[in-house]
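With the hints as a guide, bring both chains together as one complex.
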Amino acid sequence: MSNPPFPPVALASSSSSIIVAAGASLHVLDPSSSTTFSSPQVDNKAHQDGFIRLVTVSDDGKIVVTLGDDKVLRVWDLSEREIRLRHTRTAVKRGSHLTFGPDGSIILSDKVGDVYSYPLDPTPVGDHTKSRPPMYSLVADPSQNPDATYLLGHVSMVNSHIVTSDSKWIITADRDEHIRISRYPKSYVIDKFLFGHDGFVSAIHIPSAHPSILLSAGGDPSLRIWDWPTGALLSKVDIWPSILPHRRVRSHLRRYRVGSRKLKIDTPPATGEADGEETFYTAPEGYILPSGQGICVKKIQSIQVGGQTIVLFFSEGASAIHSFVFSTDQSSQPVVHTLPLPHPVLDFTPITSQPGQILLSLDTAWGVLKQNPGPGTEGRQEAIKREGPVTKSEVEALEKLLVVLDVAVDGALSESSSNSTATFSALVPTLPTTSFKTLSNLNLYPLLGVLPRWPGFEEDEDSGPPVPVPAAGDDATSVAPTMGGGAHRSYTPDELEKLNTKQLGRLKAAGVDVGNLLVQRQKKAKEENKKRLKAELEAKAAKAASEGGKPPPQKRAKVDEKKKDATEEDVANA
Amino acid sequence: MSKRSRDESGEMEAGPSSAVASPSPAPGGLSNGEVALLKVPQKRFYRQRAHANVFIDHELDYPKRPEEMDWATHYPQFFTSPSADETPTSLKQVEWADVGCGFGGLLMALAPMFPETLMLGMEIRMSVTKYVTDRIAATRQAQSLLPTDSSEHQPGGYQNVSVIRANSMKHMPNFFAKGQLSKMFFLFPDPHFKNRKHKARIITTGLIAEYAYVLRPGGILYTVTDVKDLHEWMAHHLRAHPLFTPIPNEELADDPILEAARTATEEGKKVERNKGDKWVACFRRKEDPED
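Protein sequences, first through last, are from chains A and B.
Residue numbering for the first sequence follows my numbering, starting at 1 and increasing by one per position.
Residue numbering for the second sequence follows my numbering, starting at 1 and increasing by one per position.
Just chain B, with the same shape it has in the complex (with noise of 0.2 angstroms):
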C-alpha cells in the first residue's frame, strides 16, 4: 500500500514509502513480479524539527514489558513472529542501542562490520523514523536483489538492524530486559542550552540509573558532541556516578567502532563540513555494589 506520485513522464518520485515494519522479502530474489522496487529515501521529504519535548504524552506504541516485545517484525532473519504451536526459539538479543539515531547513519555504518550482532535504532521523531524504516528496507532489498557474485554485498545485507519510534528516557526498560545491551551510543544529542531546560537532556543523574539498568556491567557507552558545555556536562554526571568509570579516550584510539560513531551520523558529517570539535567521551558499566 504504497504511496507513491508519478508525474506524466512516469518517473518515480523517491518519495516517502509506506513501508511499515516489515522490510524486505525473502533473500534470494523476488517471489512473484508483484513486489514493488523500493528506492533509497530522500531525506528532504522527511523533515521534521530538531527538538522534541520528551515529557509530554506522544501517540507511541511500546510493549508493557521486554518479553511482549515482537522483534519479528525488525529482524526477520533473526525472529520468527510467536504463533500458536511455536515457541520464540532465538537465542538472539539485541544488543546494541542507538539512542537518538537520528537519520541512521551510524547503525548503517556499523551495521555491515558486525553482521551477527543486532543493533537497535531509537528515535522520537515519526517522521526521522520513518526515513530510516524505508532506507532500512530499501537497503535490505538491494542487497537481496544483487546477483550472488556481485562484490557489493555486504555482510549481513544488513539484516541485523532496524529502528523503532520511542521515547528512550521514558520507555527504555520497556524494551530491554535487565543488562541485556552491550553497548549505548549518544551521538550529537539535543544539548538543551537553556539552563532551564538541562532537565531534558538525555544525561541526566536519574536517567543514568535506567541505562545502568538495561547495560551490562562491562558494558560500554558513547558519547559523541560537538557542543563543549554539554559534553562537560554529560561527562561530569557519568564520572560521578558510582556505576559508570570512565575509559580514557587512549585505550579506544583504534576502536572501529568510535570512529564511526564520530564520522558515520549526518551529525558528525555536518560537524566536519563546518570545521567543528568533536568532543568524545567513553564509559564502562561497572559491576553492581555488592551491598
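Only chain A is shown next, with the shape it has when bound in the complex (with noise of 0.2 angstroms):
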C-alpha cells in the first residue's frame, strides 16, 4: 500500500529543464533527456514545516531559489545529476514573490508589504562588533536588514512584482488596489500609480514580446491591459464567465451574529437564490463569505505560439485554466479559451524546450479528500469521511498531479499526448509522499480568504462598547457610532436606574446627567462590602471559639520540636 505524494505547489522552467516544488523538496525535470533528479530526502514534519511556496530558477537552469513556511530563504545549485544547498537566509515574513533580478540579485516580496533585494550570496560577515540585529527589530523597521536591500514598502500585502527588462523599473502589486512604479534600483523615487483596480490586484505580467505591456488582474471582474510606461489603460477583458463556472474552492467562512455589534451590513446575505449559478457562491445561513465571488487570479504568463503572443490565467482553486491571443489591436474583446480540468490548479509553467507546451499541477486530492467546509465548521477545509483502508486504485487517481497542455497559435488549449504526459508522470513516484491525513489538512489556497475584503467585518473604531440604547424606538440610531451621536439623548431615571455601573460612568464621561446615582451606588456598595466582610469575621471567630483551645496549643508544639532539632544539630555541630 502506497502512500499518495505532495501535490506540487510551485513550478518553475529554465531553458532546458523544470522545476518542481512538492512538500519542502525539489525535484528537476530535463524533458529532452527524461533525467529527473531530486534534493535531499526529509521527514513528513519537514515536509510540512518547510512547505515550499515560491521557486524562481536561473534562465540557465543552474541556480534555484526557493522560499517555505519556515521563511528560510534556500538557495540550490543545479548540476547535470544533483542538488545541492548552497546557504540559507531567513526572511522576515512569509513572502508572497520570488524572482530573480538583475545581477543575479533575488528579489522578494512578503505579506506585509515589503520588497527587498537579496544578494546571491550573504555578504561576508566581517565586522563581527556589530552585531545582528533581533528579528523582532526587523520587523519593525524593514530598513535595518543586514541580509537583503530594502527597495520599497506598500502598507498593504504585495502580492506581486516585476523588475522590468531594461532593469531600471520596478512594478508592484499589492491588496489595496494600488499598482506602483517606481524606479530600480533607487525604488523610493515612485513614479506613478496605475490606478482603476477595484478590487485587490493579485497577478502582474509584461509580455517578453511586448515590454510596455503590462497586464494585471486579481478580484475584479476583468484583467486590464496597460500601456505602463504612459500609465494610460488600453482595455480591459472581461475574464469573470470564463472563470466562475470553474470555481471550486471557496474561502473559509465567517459567522455574523444578528445584533452584535459587529453587523454593518443591512441585509444578510441570501442564501439559495434561485439562481441556479449562484449555490456555490452563497454562504449557508448564519455565514458570510468574503466579496469578489471567490475569483483571486493567481497567474499571469504568455507564451510565443507561431508568432503570437497567448496570454495564459487561472484563477486560485478553480479548476480550468484560460488563454486568449493579445494582439496590439484592441478593438474589440478577445475569445477567452478555457480548457475545464478534473481538479484545481495550483500552478503552471511554459515548457521551454517544447514551444507551445505547458505543465500543470492539479490538486487531485479535492473533492476526494477534502472539501469545502460545511456550516459549522470555521475551518479552512473539511476532510471528506472515507470508509475502509486505501485502495491502489485511489492512490493511482491521487497521483495524476501532472498534466501537459497543447497551446495552439489561435490560443485554444488541449490535453497534450500521451507521450509528453508519460514524460512528465515519470516525475511523480520520485515525489515525497506523506498521509491522506496531511494530505487533507495542507493549505493550498491561502489567498481565497485573505485577500479579498469581508463586507460587514470592516473595524470602525467607533463601534466600541455601545451604550445600550433602550429598545422604545431610536431604532435608528442603533447602527450609527454611539459616542458620538447617542451622547445628547436625555435618559429618563427609569432608564438609568436599570443600567449598570459601568455603562453610567460611561454616559457620565459623555456628558449625560446621571444625577446622583453613580455616588448613591457607590455607598451602596460601600456598605455592603463592610457588611460582608463583619459578617465573615463574626463567622470566624464564633468558628473558632467553638473549637475550644487546639489551635494554640498546636503551634507550640511545633515550636517545641524546632527547639529540640536545634540543639541536636547543635550538637552535631559542636
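Take the hints with a grain of salt, since some may be wrong.
If you want the footprint, here are the derived chain A segments under chain B, 3+ residues with CB under 8 angstroms [as the list claims (entries may be wrong)]:
hint: 1; stretch: 38-51
hint: 2; stretch: 131-144
hint: 3; stretch: 193-203
Cβ-to-Cβ under 7 angstroms is the rule here; a few derived chain A residues that face chain B [claimed, not checked]:
hint: 4; residue: G153
hint: 5; residue: D176
hint: 6; residue: Y188
hint: 7; residue: V189
hint: 8; residue: I190
hint: 9; residue: R453
In case anyone wonders, no lab produced these hints; they're calculated from the structure.
Using N, Cα and C, we set each Cβ at its ideal position, and we do this for glycine too.
Put into C-alpha cells, the structure is as follows:
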C-alpha cells in the first residue's frame, strides 16, 4: 500500500529543465533526456514546516531559489545530476513573490508589503563587533535588514512584483488596488501609480514580446491591459464569465451574528437564490463569505506560439486554465478560451524546451479527500469521511498530478498526447509521499480568504462598547456610532436605574447627567462590602471559639520540636 | 437632518449635528429662514480612543484616483461640482496636508493666516473627523453671518480649510497627484512605543517614499512631537532618506507656520500645560535624482 504524493505547489522553468517543488523538496526534470533528480530527503514534519511556496530558477538552470512556510530562503546549485544546497538565509515574513533580479540578485516581496533585494550570496560577516539586529527589530524597521537591501514598502500585502527587462523599473501590486511603478534600484522614487482596479491586484505580467505592456488582474471582473510607461489603460478583458463556472474551492466561512455590534450590512446575504449558478458562492445560513465571488487570479503568463503572444491565466481554487491571444489592436474583446480540468489548478509553467506546451499541476485530493467546509466548521476545509482502507486505484488517481497542455496559435488549449504527459508523469514517483491525513489538511489556497474584503467586518473604531439603547423607538441610531451620536440623548431616571454602573460611568463621561445615581451606588456598594466583611469575621471568630483551645497548643508543640532539632544540630556541630 | 436634543427649557445641546460635508449656505446671509444655526461643537461628545489600527480594512471612502475626487463638497467657494455641461474650472489644488489632524487646531489657526492656500486635514478616527467637520461648518457659518463691518471677520472665512476621514498611510496617492502638496504636517503623531508597533508609526522608510511622491521638490515636511524617542526615530529616518534634507531649526525660527505647528494643536496645548518638551524636525523635499 503506497502513500499519496505531496502535490506540486510551485513550478518553474529554465531554458532546459522544469523545477517542481512538492512539500519541502525540489525535483528537476530535463524533458529532452527524461532524467530526473531530487533534493535530499526529509521527513514528514519537515515537509509540512518547510512547505515550499515559491520557486524561481535562473535562465541557465544552474541556480534555484526557494522560500517556504518556514521563511527560510534557500539557494540551491543545480548540476547535471544533483541539487545541492548552497546556503540559507531567514526572511522576516512569509513571502508572496520571488524572482531573480538583475545581476543575479533575488527580489522578494512579502506578506506585509516590503520588497527586498537579496544578493545571490550572503555578504560576508566582516565586522564582528556589530551584532546582527534581532528579528523583532527587523519587523519594526525593515530597512535594518543586514541580509538584503530594502527596496520599497506598501502598507498592504504586496502580491506580485516585476523588475522590467531594462532593469530600470520595478512594478509592485498590492491588496489595496495599487499598482505602483518605482525606479530600480532607487525604488524610493515613485514614478506613477496605475489606478483603476476596484479590488486587490494579485497578478501582473509583462509579455516578453511587448515590453511596454502590463497585464494585471486580481479580484476584479476584468483583466486590465496597460501601456505602463505612459500609465494609460488600453483595454479590459472580461474574465468572470470564463472563471465563474469552474470555481471549486471557496474561502473559509465567518460567522455573523445578528444584533452583534459588528454587523454592518443591512440585509443578510441571500441564501439559496433561485438562480442555480450562485449556489456555489452563497454562504449557509448564519455565515458570510468575502466579497468578489471567490475569484482570485493567481498567475498571468504569456508564451509565443507561431509568432503570436498567447496570454494564459488561472484563478486560485478554480479547476480550469484560460487563454487569449494578445494583439496590439485592442478594438474588440479577445476570445477567451477555457480548458476545464478535473481538479483545481495549483500552478503552471511554460515548457521552454517544447514551445507551445505548458505543464500544470493539479490538486488531485480536492473533492476526494477534502472539500469546502459546511456550516458549523469555521475551518478552512473539511476532510471527506472515508470508509475502509486506501485502495491502489485511489492512490493512482491521486497521482495524476501533472498534466501537459498544448497551446494552439489561436490560443485554444487542449490536452497533450500521452507521450508528453508520460515524460512528466515519470516525475511523480520521485515526489515525497505522505499520509491521507496530512494531505487533507494542507492549506493550498490561502489567498481566497485573505485577499478579498469581508463586508461587514471592517473595523470601525466607533463601535466601541456600545451604550445600550432602550428598545422603544430610536432604532435608527442603533447602528450609528454611539459615542459621537448618542450621547446627547436624554435618559429618563428609570432608564438610568436599569443600566449597570459601568455603562452609567460612560454616559457620565459623555456628558449625560446621571444625577446622584453613581454616588448612591458607590455608597451602597461600600456598605454592602462592609457588612459582608463583618459577617465573615464574626463567622471566623465563632468557629474558633467552638473549637476550643486546640490551635494554640498545636502551635506551641511545633515550636518545641523546632527547638529540639536545633539543639541536636548544635550538638552535631560542636 | 440634524439630530438635536432639546430638554424642557428649550436649550440647545451642542451635540453633534450631522452636518455632513456640505458646509454653510452662500456667504452674505441666510437665503431663507430655514437654515439651522450651527453651534461650535464640544469635544466631549466626540471622544474616541487615540489609537487606531492602520493596517486593517476600515469602512473608508476614497477616490479611485486623484482626478476623481470631488473637492467641491469640501471647498465650495473654490470648486464647482463637475456637472454635465461644465468642466471643473478651478486650477486651485489642495497644497497643505495635516496628516493626523486630530481636533483641527492647526488648521483653524493657519486658515485665516493664509486664506488663498487650500489646506486639508486627514484623520482616521470617525468621531474626531466629525468634530472637525462640524467645527469648520459652524465657524464658516458664523463668519458668513457676521455683519460686513464686524472686526471679527477672518480673512478667507475659513473657506480654505476642510477635513476628510482617510487612512493616509494607505491612500495618500489616491487623494493627491504627484507633487501636488507643498507642505505636510505630522504633529504629535501616535508614538507606538513598543518595538513590535514601530512599523505602524507614521514615518517609516517605506512611507517616506509615498510622502515624497505627493510632496513637490522644495516642499517642507514638519514633524513635532513631545516624545523624544519618536522624534529621534523620525529625524533619523528622514535624514537617512535620499529624497529629504534636514532644515536647521534656526532657519525656521521666525516662521509663523512652525509656531502654529508647535502651539496651535490640542496636543501641543496639552503638552504645554503639562510642561513637557517639544521636539521639532523639519525637512525639505529634494529634487529626484537624475537617473
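Which of the listed hints are broken here? Violated: hint 1 alone.
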